[in-house]
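The opening position of the sequence shown corresponds to residue 1 in the numbering used here, with each subsequent residue numbered one higher.
Calculated directly from the structure, the hints in this document are not laboratory data.
Cut-off 25 Å, straight-line C-alpha distance, at most; resulting in silico cross-link-like pairs (SDA-like, lysine to any residue): (1) LYS42 to LYS98; (2) LYS42 to ARG69; (3) LYS125 to VAL110; (4) LYS117 to GLU39; (5) LYS30 to THR20; (6) LYS125 to ARG61; (7) LYS98 to GLY170; (8) LYS117 to LEU136; (9) LYS46 to ALA59; (10) LYS172 to THR20; (11) LYS53 to ALA135; (12) LYS167 to ASP148; (13) LYS42 to GLN90; (14) LYS42 to GLY73; (15) LYS46 to GLY73; (16) LYS125 to GLU57; (17) LYS172 to ALA152; (18) LYS6 to ALA74; (19) LYS132 to ARG62; (20) LYS6 to GLY84; (21) LYS96 to ARG38; (22) LYS30 to ARG173; (23) LYS132 to THR49; (24) LYS172 to PHE149; (25) LYS96 to ALA27; (26) LYS172 to PHE94; (27) LYS53 to GLY84; (28) LYS125 to ASP154; (29) LYS6 to GLY66.
Label pairs and their calculated CB-CB ranges: (30) ARG32 to GLU163: 15 to 23 Å; (31) ALA127 to ALA27: 37 to 45 Å; (32) GLN97 to ARG38: 22 to 30 Å.
Ideal placement from N, C-alpha and C gives every residue a C-beta, glycine not left out.
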Amino acid sequence: MILSDKPIILVGMMGCGKTTIGRGLAAALKRRFFDSDREIEKTAGKTITEMFKSDGEAAFRRREVGVLRTLLGAAHSVIAAGGGAFQDQQTRAFVKQKALSIWLSGAGDVFFQRAQKGGIRPLLKGAGAREKFMALYRVRMPGYVQADFQVASDGAPVETIIENIIKAAGIKRD
1 MILSDKPIIL VGMMGCGKTT IGRGLAAALK RRFFDSDREI EKTAGKTITE MFKSDGEAAF
61 RRREVGVLRT LLGAAHSVIA AGGGAFQDQQ TRAFVKQKAL SIWLSGAGDV FFQRAQKGGI
121 RPLLKGAGAR EKFMALYRVR MPGYVQADFQ VASDGAPVET IIENIIKAAG IKRD
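Please model the complete structure; the sequences and the hints are all you need to start from.
Next comes the structure, spelled out in structure tokens:
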């Protein structure tokens with residue numbers, strides 16, 4: 001069983017359900033929920049798309065690391081990390097110290113279809129979006145597999161995925 005106040009961080013590719021599942025998991029465990037992308041937007045005063053456009057991806061990733069470090073200090077929480085957040089080795093090491101990480105895994109094609117909805121993903125703009133997504137997924141996999149636990153999120157209902165997370169990680173309900 002994990003410590004009752006240790007943060008839980010959901011990692012995985014865009015479209016894997018981190019935000020939706022994170023909200024449900026937080027409710028089931030009576031924890032606070034944070035979406036790191038929304039927190040980044042609050043601190044920057046602009047959207048992620050605007051940040052990518054005006055500052056570039058490298059600047060966004062630096063801001064992302066800072067926000068994640070702050071969020072990981074919030075005990076009794078569930079955090080949905082951005083799709084690329086767990087790729088940084090130092091961030092992964094910090095997460096390992098401070099939180100329990102859950103990789104929401106599954107089929108890249110399913111995640112691509114979900115991620116395209118709304119048209120707000122800066123990394124999916126332009127021609128060849130599917131190929132770019134799949135290449136990015138392959139590059140990010142070695143980071144994701146280092147999460148503490150892996151739970152499939154590409155086929156079951158959200159409630160089932162939440163229960164699978166609780167069971168797989170041995171999370172104690174308050």
